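Please model the complete structure; the sequences and the hints are all you need to start from.
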Amino acid sequence: MKKTVVIENGMVITPSEAIEKGVVVFEDGKITAVGQKNRVKVPRSAKVIDASGKIVAPGFVDIHVHGGKGRDVMDASYEAVKEIAKFLVSHGTTSFVPTTISAPRSDLLRAVKAVKTAMEKGTDGAEVLGAHLEGPYVNLEKRGAHDANYVRLPSMDEFEEIWEASDHAVRIVTLAPELEGSKMLIQKLRELGTAASIGHSNATYTQTVDAIKHGVRHATHMFNRMSGFDPREPGVVGAVLVHDELTAELICDGIHVHPAAMNLLTRVKGSKKVVLVTDAIRAAGMPDGEYALGKQRIIVKDGVSRLESGDFAGSTLTMDRAVRNIMKLVGTPLQTA
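Residue numbers for the sequence shown, in this note's numbering: 1 to 337.
Read the hints as simulated data drawn from the structure, not as lab findings.
Quick caveat, the model's predicted, so the values are computed rather than measured.
Cβ atoms here follow ideal geometry from the backbone N, Cα and C, with glycine treated the same way.
Some clues are possibly wrong.
Said to hold, decoys possible - Derived DEER-like restraints, expressed as beta-carbon distance ranges: (1) Gly331 with Glu233: 30 to 40 Å; (2) Thr14 with Glu161: 39 to 49 Å; (3) Ala33 with Glu233: 46 to 56 Å; (4) Pro58 with Asp167: 26 to 36 Å; (5) Ala33 with Glu180: 51 to 61 Å; (6) Lys301 with Val42: 46 to 56 Å; (7) Ala148 with Glu79: 28 to 38 Å; (8) Glu290 with Val242: 34 to 44 Å.
Claimed, not checked - With a straight-line Cα cutoff of 35 Å, these simulated DSBU-like cross-link-like pairs (lysine-lysine) come out: (9) Lys301 with Lys142; (10) Lys142 with Lys86; (11) Lys273 with Lys86; (12) Lys113 with Lys183; (13) Lys295 with Lys86; (14) Lys54 with Lys41; (15) Lys113 with Lys69; (16) Lys272 with Lys54; (17) Lys273 with Lys142; (18) Lys86 with Lys37; (19) Lys295 with Lys273; (20) Lys2 with Lys47; (21) Lys142 with Lys183; (22) Lys86 with Lys2; (23) Lys41 with Lys86; (24) Lys328 with Lys273; (25) Lys3 with Lys41; (26) Lys273 with Lys183; (27) Lys30 with Lys86; (28) Lys272 with Lys21; (29) Lys21 with Lys328; (30) Lys328 with Lys86; (31) Lys273 with Lys54; (32) Lys37 with Lys47; (33) Lys86 with Lys21; (34) Lys37 with Lys328; (35) Lys3 with Lys121; (36) Lys272 with Lys37; (37) Lys121 with Lys47; (38) Lys272 with Lys86; (39) Lys121 with Lys69; (40) Lys30 with Lys47.
Laid out in structure tokens, this is it:
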């Protein structure tokens, strides 16, 4: 006998509309019907959950998140990934891509192995979709919170070892395409079906367009730590804006990116090409204080995380807040947020 659960009377959000007094029917954990209450047949044997006054929406997917609740992906343990997953689901994120930072090869190998273990064993929280390698192949000048000691040129040998250690579970690689060796890696990523993302890059507009031709299809935390727009040199920002095939991440905390820039991005790219992310670190969900990001000391004050130099160091954002922020700061409708 099928186990049926019905959520009714809430505002049901779908990609195309918001349904007042909507109904969602689940059979054996799968959605089988969505619609207005008077148009959806509810089985008598169903368990009914009354969502009056609440919003019923799909879970969030965070493709760029380093940690939360005191744990970090670079802790390189199954337990750490599980704790991060539990924290994320408490804020509406139902699946995520654990993200690494620039670090020694041995640390990266341990981290992706932990991610793969979490994929295989599962968690009590958000589902693990694979690993996001943010670095170490980034531009030193645009490294941001990446430790300069571990930023390096792309290495096919190193990447292939990481790829095998993850059991082919690397989903995204953030890199600077202007670096020697990047073109070969971008082409390899395209062959593997892994997303090559431009980020922490000082590439020119021409270099970025060339990278797009070779397979770059995504931009990591748009506007942050990438060459900006100038009328004579549009840089990475200009190339991402005018190339429709690229998706672009946005850290929508109201601090990393000015609301006017958020508005520009969503107007030019459209909601389907803008990906809200948190870039959250272990300090997310924790009080202000001192924390570690890799081997670096960071300070969180008023919820903003920075290196001792004052540079941003990830964020303490959660996806539910990101959605509220883009609605408030940009005016994005709930069903497209």
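Verify the CB-CB distance for Ala33 and Glu233 against the hinted window 46 to 56 Å.
holds (53 Å)
Are Lys301 and Val42 spaced within 46 to 56 Å by their CB atoms?
holds (50 Å)
Between Lys295 and Lys86, is the straight-line Cα distance small enough, at 35 Å or below?
holds (25 Å)
For the pair supplied as a hint, Lys121 and Lys69, is the alpha-carbon distance within the 35 Å limit?
holds (21 Å)
Can the restraint linking Lys54 and Lys41 be considered satisfied, given a maximum Cα separation of 35 Å?
Within the cut-off at roughly 21 Å; holds.
Are Lys41 and Lys86 close enough, with their CA atoms no more than 35 Å apart?
holds (34 Å)
Do the alpha carbons of Lys3 and Lys121 lie within 35 Å of each other, as the hint requires?
Since the Cα atoms of Lys3 and Lys121 sit roughly 24 Å apart, the hinted pair holds (cutoff 35 Å).
Pair hint Lys37 and Lys47, alpha-carbon separation not exceeding 35 Å
holds (15 Å)
Satisfaction of hint between Lys328 and Lys21, Cα-Cα up to 35 Å:
With Cα atoms ~24 Å apart, Lys21 and Lys328 stay inside 35 Å; holds.
Sort out whether Lys21 lies within 35 Å of Lys86, counting only the CA atoms.
Within the cut-off at roughly 30 Å; holds.
35 Å limit on alpha-carbon distance, applied to hinted pair Lys86 and Lys37:
holds (32 Å)
Determine whether the Cβ-Cβ distance between Gly331 and Glu233 falls within the hinted range of 30 to 40 Å.
holds (31 Å)
Every hint, counting from the list given before, is met by this structure.
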